[in-house]
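Peer 1: Chain by chain, the residues run as shown.
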Amino acid sequence: DTGVSQNPRHKITKRGQNVTFRCDPISEHNRLYWYRQTLGQGPEFLTYFQNEAQLEKSRLLSDRFSAERPKGSFSTLEIQRTEQGDSAMYLCASSPGQLTGELFFGEGSRLTVL
Amino acid sequence: GENVEQHPSTLSVQEGDSAVIKCTYSDSASNYFPWYKQELGKGPQLIIDIRSNVGEKKDQRIAVTLNKTAKHFSLHITETQPEDSAVYFCAARDNAGNMLTFGGGTRLMVKP
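Chains as they are written, first to last, in our numbering: chain A, 1 to 114; chain B, 115 to 226.
Bound-form chain A, shown alone (with noise of 0.2 angstroms):
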């Protein structure tokens, strides 16, 4: 399968506990986002990385939040000190760049705190 992989897919934690996520995206896709949907919403934008620099942040992307691209490839979104509110569904996205505009999606990592 050559999609974007999301691990893991469902992750339940503590509060007060950190979670990482994983992507890989698509591998000749230079772009890579990151995505929240909670239920009943539509996605909303947390970051994205053109290769391996994140050139834009979202207002959602609390001091909590990080999201790294170390080597252009895979991307990590680390969520420090859970909170409740913190549940929903973290979206990866990848894309070859600007000008084509789809952006393909992984099956996203659930993640419920508790």
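Calculated directly from the structure, the hints in this document are not laboratory data. In this text, all values refer to a predicted model and were calculated from it rather than measured experimentally. Each hint should be verified, as a subset may be incorrect.
[Stated by the list, open to error] Computed beta-carbon distance windows for the label pairs:
| no. | chain 1 | residue 1 | chain 2 | residue 2 | range |
| --- | --- | --- | --- | --- | --- |
| 1 | A | Glu107 | B | Glu193 | 24 to 32 angstroms |
| 2 | B | Glu170 | A | Glu83 | 42 to 50 angstroms |
| 3 | A | Glu83 | B | Glu153 | 26 to 34 angstroms |
Glycine included, every Cβ here is placed at the ideal spot set by N, Cα and C.
Following the hints, complete the assembly by docking chain B onto the known chain A.
Peer 2: This is chain B only, laid out in the frame that chain A set:
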């Protein structure tokens, strides 16, 4: 920033009927408008898109129309089938081409 509104939030139709979902956007500089379908437990998948230099685009049973003056665009699905049941999202991309802003989604239910 861009704001995308989507209506209705739920839509129920009989198999074989048509379904129409409407979206409005706020940023007149937006130039790319995709529609995504999301099935339960899966990520959104692109089904059709339209760019600002085109007023209408059709792909088999689905079509999208764009009115740049009014800043709204619509998805039309004809001859609906039960497998069309899903959540549909419209989106708009900013002129810099950096990210998509999504609408709130429409849950489409096609009754056999």
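Peer 1: It remains to establish, for every hint, whether it holds in the given structure.
Peer 2: Status of the hints after comparison with the structure:
For Glu107(A) and Glu193(B), the Cβ-Cβ distance of about 29 angstroms falls inside the hinted range of 24 to 32 angstroms, so the restraint holds. At roughly 45 angstroms, the beta carbons of Glu170(B) and Glu83(A) sit within the given window of 42 to 50 angstroms. Distance hint check: the CB atoms of Glu83(A) and Glu153(B) are about 29 angstroms apart, consistent with the given range 26 to 34 angstroms.
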